[in-house]
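Since each chain sits alone in its own frame, please combine them into the complex, following the hints.
The listed protein sequences derive, respectively, from chains A and B.
The first sequence maps to residues 1 to 181 in this note's numbering.
The second sequence maps to residues 1 to 130 in this note's numbering.
Derived from the structure by calculation, the hints contain no laboratory data.
Heads up, a few of these hints could be off.
[As the list claims (entries may be wrong)] Derived lysine-lysine pairs resembling BS3-like cross-links, with alpha carbons at most 27 angstroms apart:
#1 B:Lys14 x A:Lys27
#2 A:Lys17 x B:Lys14
#3 B:Lys8 x A:Lys123
#4 A:Lys27 x A:Lys16
#5 A:Lys56 x A:Lys161
#6 A:Lys161 x B:Lys8
#7 A:Lys161 x A:Lys27
#8 A:Lys50 x B:Lys8
#9 A:Lys56 x A:Lys17
#10 A:Lys50 x A:Lys27
#11 A:Lys50 x A:Lys123
#12 A:Lys56 x B:Lys14
Just so you know, these numbers come straight off a predicted model, no measurement behind them.
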Amino acid sequence: MSDAAAMNRFLSGVEKKAFHIANLAVKDVDEAMDIVQDSMMTLVRRYSAKNESEWKPLFYRILRNRITDFHRRAVIRNRIMGFFRLPNSEEDGADPILQAPAGYAVEPAFQVQMQATSEKLGKAIEVLPGRQREAFLLRVWEGLSVQDTARAMNCSEGSVKTHYSRAVHTLREVLGDDHEQ
Amino acid sequence: MSSDQDAKLISLAKQALDEDVSELGEDIHLRLAAARRAAVAEMDRPVLFLKGPWLTTAPAAAGMPATAMAATAMAASLVLAVGIWSMRSTVPELPVYGGEDAQLAAQNMDLLSDMEFVAWLVMEEEPNAG
Chain A
1 MSDAAAMNRF LSGVEKKAFH IANLAVKDVD EAMDIVQDSM MTLVRRYSAK NESEWKPLFY
61 RILRNRITDF HRRAVIRNRI MGFFRLPNSE EDGADPILQA PAGYAVEPAF QVQMQATSEK
121 LGKAIEVLPG RQREAFLLRV WEGLSVQDTA RAMNCSEGSV KTHYSRAVHT LREVLGDDHE
181 Q
Chain B
1 MSSDQDAKLI SLAKQALDED VSELGEDIHL RLAAARRAAV AEMDRPVLFL KGPWLTTAPA
61 AAGMPATAMA ATAMAASLVL AVGIWSMRST VPELPVYGGE DAQLAAQNMD LLSDMEFVAW
121 LVMEEEPNAG
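Isolated chain B (complex conformation) (with noise of 0.2 angstroms):
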């Protein structure tokens, strides 16, 4: 097949694509025109700094370049982890029980099952006491 004829077939395609949009009905022209400007709305919005929906506007509208910002948020890691670590060693450390306190500790346990073996007993007797 020529040349020739190849290109009146692509001519006659394209005029068959023309006239099937050309034949697009008025709805489809609105509902394309709201969702371009819808797109190029999207613009207008501040910009990215990267990419991803969760990290928008502030630093990118500043003008600050992504090392700056790659940088502080560094730093800002540090100063955090800092922080977090000083308010550990702050925290009043629990009594380690040694020594005197153990014994101290031992027989306050043995005086309060004193306390309740007197309590029960107590209890036991009362029925009888009459």
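Looking at chain A on its own, in the form it has when it is part of the complex (with noise of 0.2 angstroms):
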């Protein structure tokens, strides 16, 4: 197989989670679809020549520094307009960063809520912090082992034994009585 076989092959078997990835870090489809299309560039360019096997973890962590180059750029900007902005403006109701999930904090009306398992479980993924959520999809969904996914995360593998096992612990009070059915 060429190696321009190869890449497609592996691209298209990574796109769709990874944009989905992208699209929970970011909240923001167009947002999502240029930090992948940025991370294949990116690999493609500067590590294609590198064995298949490295592939997977490489891109999801440029999947990953291209999310937090976002993230970097959103603070920056709210500063700035923050800076600028009147107190009590009418744009406050639109902040993205106030709008956007509060980390841990899971509503008392959440589980209610959502009927669906699935559902349910969806959303607790969403709303997990960063690098817990990040950990969890590379290693559930991903199926990258504790080695890659710490490659991934730029992190040590007890950070990623931690950050996962918090996530699980998080999705299993969120899921509560339903899991344990």
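Here you go:
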């Protein structure tokens, strides 16, 4: 199989999951698409000569860096806009940072509102803190080893285990009785 | 909590995530496919010899190893440096006045001053001539 064919096969295998992961992180379809496209380009340009077995952790590391860049830009943009914005302006209600889900906090009415378990889990994964969600998705969904997940997340294997364990713990709590039946 | 329950949780999570992905719109699928094709097309472009967009194609396409390319670049730099140095050595030097030359130059300056004085004198006398 040629390199191009192998790369095409690899990218077609990860693109949808990568897009969903990016979309969960940035909550913007167009931004997520740009992030995935940029990650694909970077992988091809810089790492296509690497062994195919290394592509997946490298790709997810690039994806993660792009997501981090997006959040950094958003924070800076928000600070600048906040500096120039008058207090109580009409735009206050549309602040994407304020509208974003608040990390660990799970709304009390959340469990009541969610009917289907899968939907509930999807939402729970969405509101996981970034690093926990990342570790959980890479380990569970992408099937990366602890070592490759650590490589993708640019952290130690111990950190991966901690994030993953906390994510599972949070999801257990969210699912509650549904999960234990 | 037992490992069975964890396995069930993980299975449910996978199922939920797969459902989310299967619900992605046709537009997203098309855009992802286009992005992938664009990325894969990059592989067919000439290989980058060194990282960065400013050095591309020829040497790597010709299969020239990095050391050979570095040596060639070094040789080219040396040739350029020698060329510039030799050009500089052929530029005629400016005359340096000293001795008689300096005296002549000083006299020329005096003459020039005198001529200016004579011209001024003529100009001054002309209105009084009539």
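The hints, checked one at a time:
no.	hint	in the structure
1	B:Lys14 x A:Lys27	20 angstroms, holds
2	A:Lys17 x B:Lys14	11 angstroms, holds
3	B:Lys8 x A:Lys123	17 angstroms, holds
4	A:Lys27 x A:Lys16	15 angstroms, holds
5	A:Lys56 x A:Lys161	19 angstroms, holds
6	A:Lys161 x B:Lys8	19 angstroms, holds
7	A:Lys161 x A:Lys27	26 angstroms, holds
8	A:Lys50 x B:Lys8	36 angstroms, violated
9	A:Lys56 x A:Lys17	12 angstroms, holds
10	A:Lys50 x A:Lys27	32 angstroms, violated
11	A:Lys50 x A:Lys123	36 angstroms, violated
12	A:Lys56 x B:Lys14	18 angstroms, holds
Going through the hint list in order, the structure does not satisfy hints 8, 10 and 11.
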